[in-house]
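Student: Sequence:
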Amino acid sequence: MAAAGGLLARAGRSEPVRLRKRRSVLYAAAGGAAAQPGAGKRREGDGTASEGPLTRAHRFRRRCRRDRGSDGPGGGRAGAELRAGAHQLRPGRVLAVAGGGAPPGLRISFTARPLRAPRCRGSGPAPPYRNGLNCSNYGHLTWEWAHGLRGYPYPLLFACIYRALQLLGEDDVRLLIWVPRLVQAVLAAFADVKLYLLVKHLENAETAKYVYFCQLCSWFTWYTCTRTLTNTMETLLTIFALYYYPIKGSKMGSRWKYLSLIALAIVIRPTAAIPWIPLVFSHFLQEQKKADLILYNCIPVGLVTLGTSLIIDRVFFGEWVLVQLNFLKFNVLQNLGTFYGSHPWHWYFTQGLPVILGTHLPFFIHGCVMAPKRYRIFLGAVIWTLLVYSTLSHKEFRFIYPVLPFCMFFCGYSLKHLKAWKKSAASFLLLSNLIPALYTGLIHQRGSLDVMNHIQQLCNSSYQSQAFVFIMMPCHSTPFYSHVHCPLKMRFLQCPPDLTGNESYVDEADLFYSNPLGWLNKEFYNDTLLPSHLIFFNVLEQEISSFLALKGYKKTATVFHTHVPQGRVGSHIYVYKKKPERIVSEDQFLDLQTNELSFV
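Residues in the sequence shown are numbered from 3 upward in steps of one, following my numbering.
These aren't lab readings, by the way, just hints derived from the structure by calculation.
These numbers come from a predicted model, not from an experiment.
Any given hint might turn out to be false.
Unchecked claim - Think about it this way: if two alpha-carbon atoms lie no more than 25 Å apart in a straight line, the pair counts; the simulated BS3-like pairs of lysine-lysine are:
id : residue 1 : residue 2
1  : Lys-524   : Lys-553
2  : Lys-491   : Lys-424
3  : Lys-292   : Lys-250
4  : Lys-397   : Lys-425
5  : Lys-292   : Lys-211
6  : Lys-292   : Lys-253
7  : Lys-580   : Lys-556
8  : Lys-524   : Lys-579
9  : Lys-397   : Lys-421
10 : Lys-557   : Lys-579
11 : Lys-581   : Lys-491
12 : Lys-291   : Lys-196
13 : Lys-424   : Lys-331
14 : Lys-425   : Lys-491
15 : Lys-424   : Lys-397
16 : Lys-424   : Lys-211
17 : Lys-196   : Lys-211
18 : Lys-196   : Lys-375
19 : Lys-424   : Lys-250
20 : Lys-580   : Lys-557
21 : Lys-421   : Lys-491
22 : Lys-331   : Lys-292
23 : Lys-202   : Lys-250
24 : Lys-425   : Lys-211
25 : Lys-375   : Lys-331
Said to hold, decoys possible - Restraint-style ranges between C-beta atoms, simulated for each label pair:
id : residue 1 : residue 2 : range
26 : Lys-291   : Val-371   : 17 to 25 Å
27 : Gln-336   : Gln-290   : 36 to 44 Å
28 : Leu-513   : Ser-252   : 54 to 62 Å
29 : Tyr-515   : Ile-296   : 25 to 33 Å
30 : Leu-158   : Lys-331   : 21 to 29 Å
31 : Glu-208   : Gly-503   : 27 to 35 Å
32 : Leu-501   : Asp-174   : 47 to 55 Å
33 : Tyr-515   : Arg-176   : 29 to 37 Å
34 : Leu-451   : Glu-543   : 16 to 24 Å
Even glycine gets a Cβ: it sits at the ideal position worked out from N, Cα and C.
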């Protein structure tokens with residue numbers, strides 16, 4: 003009703019000129035004199051008149067040209083436009099600047115030469131870096147970085163890749179998206195080879211072949227191994243460390259190497275220590291020189307890796323932050339992960355592990371029965387990890403990804419010792435994993451990536467400085483600047499947990515979905531605040547249809563997302579664009595102003 007009343011009120015009077023939100027340098031230069039009440043009128047008690055309107059227009063034109071050329075050749079002030087905030091949209095000031103002759107509904111824009119897009123992009127799988135690594139002044143840091151729950155050593159790998167691409171002049175948006183995935187894929191391939199060589203050394207080439215086959219067939223490995231998640235790197239380092247682990251019968255064991263790899267995995271993600279607790283404890287019991295193991299191996303490796311992590315985080319955070327301790331407090335001591343959902347204690351045993359194993363499950367069970375006793379330590383690591391994670395309320399499939407290589411060892415051992423139907427079993431594993439791997443990797447929930455192509459196109463158009471993209475979807479449904487790589491104004495619904503103990507706390511996403519229409523009307527109470535593009539799931543369209551119609555939004559794209567919509571997640575993603583208003587260039591506006599003022 004309030005919105006409708008405002009619309010009727012505007013219809014009863016002439017519409018003032020609508021200006022953009024930001025206040026530019028040109029506005030600051032020109033608006034000071036021209037916007038004063040009474041400008042151009044004869045002063046009372048004074049025989050002289052103020053500066054005439056035509057002369058004032060000429061001075062304004064010269065000032066614009068001087069400001070436009072002050073940035074040097076090839077530069078220009080990006081977005082040097084006449085913009086005003088909501089508090090500046092008073093008819094007296096607006097009409098004074100516009101000369102009083104602009105037609106209603108006209109948006110005035112002074113467009114200087116666009117600022118060149120920066121060569122280096124500061125976003126991607128890694129966050130936008132501080133202290134020099136971010137060579138563009140845009141990006142987004144999630145709440146975890148603000149509270150020191152994430153460390154910089156792992157993102158530093160991708161920052162170096164971005165810097166190398168920048169130095170080579172090849173930092174195209176497509177390369178910045180695909181190169182980190184390719185790096186992760188190469189590391190995953192090396193890890194698979196290490197697993198093959200480990201089994202070949204412990205058993206024989208035939209057993210190693212079947213373990214390698216099971217590893218390559220795993221649909222969850224296909225789905226996860228190229229993703230730049232800390233869980234992925236944690237799993238890869240676990241395989242590398244396992245290669246050097248001094249298990250009975252292994253001659254490749256190296257205390258320094260496997261402990262260093264474990265320490266590096268813990269630095270990247272502290273939960274990497276969980277599956278290694280029983281393995282390291284077993285090694286300690288078997289070690290004859292226990293004091294030497296602690297004094298000359300464990301302590302030096304721990305101090306070096308922890309010290310390096312502290313220094314790296316100190317450089318980028320700007321203060322001393324012990325990320326591993328903060329991670330432990332948040333996820334274990336305070337158990338704040340429940341904010342993002344909780345599951346029953348048995349979830350990993352009844353759903354988590356069976357799902358990521360898929361059709362490997364019967365082979366895993368058979369392999370656990372068939373495997374020699376010296377490999378029971380691997381089974382103990384799997385069970386121990388599931389038990390520890392079961393004590394935490396918040397559970398996800400990716401959390402137990404590091405135990406999957408242990409499981410593949412037993413699956414391969416089972417496949418090798420099948421006396422009959424061996425080829426049929428292998429064919430069954432291949433086909434039964436190929437279908438879910440292709441579906442989850444290429445089709446399921448692909449809309450989150452596809453819709454970013456529509457957003458990224460705004461970076462290559464003259465509309466970029468005016469664009470404002472608002473993603474009205476469950477938080478973190480899509481990538482952000484990692485798939486855009488330009489200073490495009492974007493926003494998404496936030497969902498940080500409450501760290502103050504406020505029991506009545508409701509995050510922005512939940513607040514929005516409780517009353518989408520009311521939230522939008524309250525958030526965008528002024529038309530100058532409206533985004534140029536709205537992106538949301540199709541399940542939301544009907545509920546906010548009145549807002550879309552009233553504010554002049556039109557559907558421009560429909561993107562497929564999933565065949566299994568659920569709750570707030572729909573089957574398709576819609577892209578709505580606000581109908582553009584007429585834009586007048588700088589020269590056109592100055593000519594218009596001169597012509598209008600000449601009649602005064």
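Student: Enumerate the violated hints, using their earlier numbering and listing them in ascending order.
Tutor: 2, 4, 5, 9, 12, 13, 14, 15, 19, 21, 22, 25, 26, 29, 31, 32
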